[in-house]
Amino acid sequence: MDPAHAEPAALTPLVQFRDVAFAYARPARGRERTFAFPGLSFTVERGEIFGVIGPNSAGKTSLLRLLTRVLRPQRGEIRLAGRPVGDLAPWALAREVAMVPQEAPRPFPFTVEQLVLMGRYPHAPGRFFEDAADITAARAAMAATETLALAPLPLEQLSGGERQRALLARALAQEPRLLVLDEPTAHLDLRYQAETAALLRGLNRERGMTILLVSHDLNLAAELCDRLLLLSAGEVARVGAAVDVLEQGLLESVFGCHVTVDKSPSGRPVVQLAYERG
Amino acid sequence: MTDARRLARALAALSLVLLAVGVTALFVGSAELSPSAVARALAGRAEASSVEAIVTLSLRLPRVAAAVLAGAALAVAGVGFQALTRNPLAEPSVLGVSSGAAFGVVLAQILGLSSGIVAALGAAVFAFAGALLAATIVYLVATAPGGLAVQTLLLTGVIVGIFFSAAITVIISVVDFNRLTGVIHWLLGNLGPIPAASLALFAVLAGAGVWLILKSARELNLLALGEEASRQLGVDAERLKRRVFVAAALLTGTVVAFTGPIGFVGLIVPHVLRRLVGQDNRFLVPTAALAGGAFLLAADTLARNVVAPAELSVGVITAFCGAPFFVWILRTRSRPL
Amino acid sequence: MIRALAAVALLALASPAHALVLRDMLGREVTLAGPPTRIVSLVPSVTESAFALGGEARIVGVSDFCDWPPAARAKPRVGGMVNPSLETLVALKPDLVVGTDEGNREETFVQLQRLGIPVYIVHAHRISEMYDLIARVGALTGRRDAVGPLVAGIQRRIDAVRAAVKARPAPRVLYVLWPDPLLVPGRDSHLTEMIELAGGRSITAGEPVSYVRFSIEAAVARAPEVIVLADHSTGASTAGRAAPEKWQALTSVPAIRAGRLYSVDLSVLHRYGPRVPEGLELLARMIHPEAFK
Chain A
1 MDPAHAEPAA LTPLVQFRDV AFAYARPARG RERTFAFPGL SFTVERGEIF
51 GVIGPNSAGK TSLLRLLTRV LRPQRGEIRL AGRPVGDLAP WALAREVAMV
101 PQEAPRPFPF TVEQLVLMGR YPHAPGRFFE DAADITAARA AMAATETLAL
151 APLPLEQLSG GERQRALLAR ALAQEPRLLV LDEPTAHLDL RYQAETAALL
201 RGLNRERGMT ILLVSHDLNL AAELCDRLLL LSAGEVARVG AAVDVLEQGL
251 LESVFGCHVT VDKSPSGRPV VQLAYERG
Chain B
279 MTDARRLARA LAALSLVLLA VGVTALFVGS AELSPSAVAR ALAGRAEASS
329 VEAIVTLSLR LPRVAAAVLA GAALAVAGVG FQALTRNPLA EPSVLGVSSG
379 AAFGVVLAQI LGLSSGIVAA LGAAVFAFAG ALLAATIVYL VATAPGGLAV
429 QTLLLTGVIV GIFFSAAITV IISVVDFNRL TGVIHWLLGN LGPIPAASLA
479 LFAVLAGAGV WLILKSAREL NLLALGEEAS RQLGVDAERL KRRVFVAAAL
529 LTGTVVAFTG PIGFVGLIVP HVLRRLVGQD NRFLVPTAAL AGGAFLLAAD
579 TLARNVVAPA ELSVGVITAF CGAPFFVWIL RTRSRPL
Chain C
616 MIRALAAVAL LALASPAHAL VLRDMLGREV TLAGPPTRIV SLVPSVTESA
666 FALGGEARIV GVSDFCDWPP AARAKPRVGG MVNPSLETLV ALKPDLVVGT
716 DEGNREETFV QLQRLGIPVY IVHAHRISEM YDLIARVGAL TGRRDAVGPL
766 VAGIQRRIDA VRAAVKARPA PRVLYVLWPD PLLVPGRDSH LTEMIELAGG
816 RSITAGEPVS YVRFSIEAAV ARAPEVIVLA DHSTGASTAG RAAPEKWQAL
866 TSVPAIRAGR LYSVDLSVLH RYGPRVPEGL ELLARMIHPE AFK
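Note that the protein sequences, when read in sequence, are chains A, B and C. In this text, residue positions in the first sequence follow the numbering used here: the first is 1, and each later residue adds one. In this text, residue positions in the second sequence follow the numbering used here: the first is 279, and each later residue adds one. In this text, residue positions in the third sequence follow the numbering used here: the first is 616, and each later residue adds one.
Among the clues, some could well be false.
[Stated by the list, open to error] The following label-pair restraints were derived from C-beta to C-beta distances: (1) B:P313 x A:R127: 42 to 48 Å; (2) A:E156 x B:R323: 54 to 60 Å; (3) B:S293 x A:A132: 25 to 31 Å; (4) B:V594 x C:A873: 34 to 40 Å.
[Said to hold, decoys possible] Residues of chain B clear of chain A, computed beta-carbon distances all greater than 10 Å: (5) R287; (6) A288; (7) T414; (8) L418; (9) V419; (10) T430; (11) L479; (12) L500; (13) V585; (14) A597; (15) F598.
Since the hints were made in silico from the structure, they are not lab data. Just so it is clear, CB atoms sit at the ideal spot from N, CA and C, and this is done for glycine as well.
Just chain A, with the same shape it has in the complex (with noise of 0.2 Å):
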């Protein structure tokens, strides 16, 4: 560990922003102004599993790209356990950082291990083909995403939810210290929902593997995450546990609507959208 940015491993956040400033030079397509990040901070900590919540506009799938670089930041420091993110190359960070995409591309002409297997990349990148211990490490991750007998066949043709684990599988195989998922259940059936909330919070009890996630399914996040990011407008609304952020009057402010926020059977909070009835 370089000892310039060495700092006791305990006490570092995981992830921090520190005054990010970021903006896009042409407004995205259908809106006015263009999308700016002013000066965003926050911190993830180790182990825990933090969400990013937010109206569509807000920014959330623009923090994950500045979090893996695909996008740099005009001001500001992003650092990763303490190190500057832009101090590592690309495939340093992928061994850090590894991203569960919404869903999978298409067209993908791969079996599930050869999907998996991809993951590998960042672990020798000059290697023509992958040896031995990529291909544990790949087993290894489809076991724990129980995708191990779907491994011959085409991603095509399994289902939005096995999709989704093989996804995982292909993140874990790059053995990460950061999972990074964006919208992880947003085209997966209930039930799929309820595997997937499961999976990761197993990966995060039994490995301390940290995890970030990118959700507009407010319940979703309350239910699975530590602590919350209610993201508007490329601002920190609020920060902290879910009982703390999914709160009735700061809601209704960010998302522009009438909610009422109960308690679930778990203690954790229940937003509920009130319908107008007309």
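Keeping the supplied structure of chain A fixed, place chains B and C upon it in accordance with the hints.
Coordinates of chains B and C only, in the frame set by chain A:
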């Protein structure tokens, strides 16, 4: 069985096929040499100025080598280009590069160059100039601020190709009748015996192009995840796209320079191979090199024997194979394009 | 020869002062108001014939490839043979356009006829047809009297060549129209007849078309004793220049061993016009040098 071993097995099998086709090509031809005469020539035991020596060593052998090189180059360019654009119907000639190169050569044929060896190499230089021009235009147009946009690449390639084809038509329309036939026949593909120096250059350039794409094979697999996802895995997507584009353009331009424009090889061979060895580019690239060489050599052997002593251009054979094949692909694809 | 004179006679009889109905070499009927006085020639051999007969006054326009005699280059040009400029052509106000079905496009003729300009089509696949062509050009340009002497002169020279090479064994000749890919004349090409008249035997004479893409190794196997390379280069451009050095490697071929590799100016040999005896003499000198010392 490990991947490496599986690949070795596939390559061994294809090498046998290539060898078989190569031997057939050497023994069959319109000069009607007996097998023993050919064998004598190959063993070096025929008199240097005998018909069998001249035909076998100065005519058939270089032509076989040219066909194998061209076939390998086109097939590998096809694999690379299809992986780059994530479109299995992408064919090297769709890059616009082969039309640009053909335009260069046709221009050279009409304008004229200085004599001698330069004439043979000179046409190649014009071909490369044309290929470079076309590739540069396509690259510049398809490069948005964010990087090389592969979907724009396809469209731009088609348009540039059409443009240069039109330019060729203009040239053809002003050339006199006697030269016209020659130029038109060249445009159908001209696999002929190439002098040793040119052949060596051909081999070096084709080898460089194949090497570049082979090096990129694993990363090309990752590109199937989507550019952003592959970047998040640590792939330098911009460098990869540039490298593969340049390699595909180099391979295509080289083939046109030395053997005229030949179509469909870059489409047929990768597709057949995908059904045999799967989608992994690390398998496809090396097997395409061997299979492409064997395929074009077989097509050329057919082209020069089926109406002997007259010849068909090899492009005719590959097109006649290619068109129905294209239809078959479209009909048997289970998922929409 | 007789046929040519008969054609001239027929044309002489069939020409009243008004409504002239001619039959061209494809058998088409061509109707003119009167004898043509403003002719556009899209055919180099027709232009050459017209000049040789002294009838160039009636030629008001030529194609870009009508470059013989040098005086022909001074005539207004209407463009290439494949795509002449119809505008330029029409602006010359021709009353007849002479074209060929070997080099001009059908399309051009259709357009001209739509514009009300009569089109007279010629072709010549044999020397005998060439005399016919010359006779017709003579009739069209009002120089019938000059046809006889011109034809006789041509005939004389051709006969002289034939006499010189008669009874000599005919060597195998390979004529290379285009080197890469190899294009050679077949049975229907006039070049095959020329080679024969010059006392040679074309090794590709058996191919049943005019021009064929030929296998080099078959050509090598047929062991030609003389190789003639067509030189396509014109003054400015060296494209298609005969490149003898390409052939030197084929040392099994008798022509290479004996150094009998020649190049010939394409335009002299490829037009069935008044320069045929010139081309023939050239060819004969290459094939039978010993007969012309």
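Holds or violated: is the Cβ of B:R287 farther than 10 Å from all Cβ atoms of chain A? 14 Å, holds
Does B:T414 really sit off the interface, with its C-beta more than 10 Å from all C-beta atoms of chain A? About 25 Å separates B:T414 from the closest Cβ of chain A, which puts it past 10 Å; holds.
Status of the stated non-contact between B:A288 and chain A (beta carbon gap over 10 Å): About 13 Å separates B:A288 from the closest Cβ of chain A, which puts it past 10 Å; holds.
Per the stated criterion, does the least C-beta distance between B:T430 and chain A lie above 10 Å, as a non-interface residue requires? With a cut-off of 10 Å, B:T430 remains clear of chain A, as the shortest Cβ separation is near 17 Å.
Okay, B:P313 versus A:R127 on CB: inside 42 to 48 Å? Given range 42 to 48 Å: holds, Cβ gap about 47 Å.
Confirm or reject the claim that A:E156 and B:R323 have a C-beta distance inside 54 to 60 Å. 59 Å, holds
Beyond 10 Å from every Cβ of chain A: is that where the Cβ of B:L500 lies? For B:L500, whose nearest Cβ neighbour in chain A is about 5 Å away, the distance does not exceed 10 Å, so it is violated.
Hint says 34 to 40 Å; check whether the CB-CB distance for B:V594 and C:A873 agrees. Once the Cβ atoms are compared, 36 Å apart, the range 34 to 40 Å for C:A873 and B:V594 holds.
If we take the beta carbon of B:L418, is the closest beta carbon in chain A still more than 10 Å away? Since the minimum Cβ distance to chain A is about 20 Å, B:L418 lies beyond 10 Å and the statement holds.
May I ask you to check that B:F598 keeps its beta-carbon over 10 Å from the closest beta-carbon of chain A? 28 Å, holds
25 to 31 Å was suggested as the range; check whether the CB atoms of B:S293 and A:A132 agree with it. 28 Å, holds
Is it correct that the beta-carbon of B:V419 has no partner in chain A closer than or equal to 10 Å? 19 Å, holds
In this structure, the one hint that does not hold is number 12.
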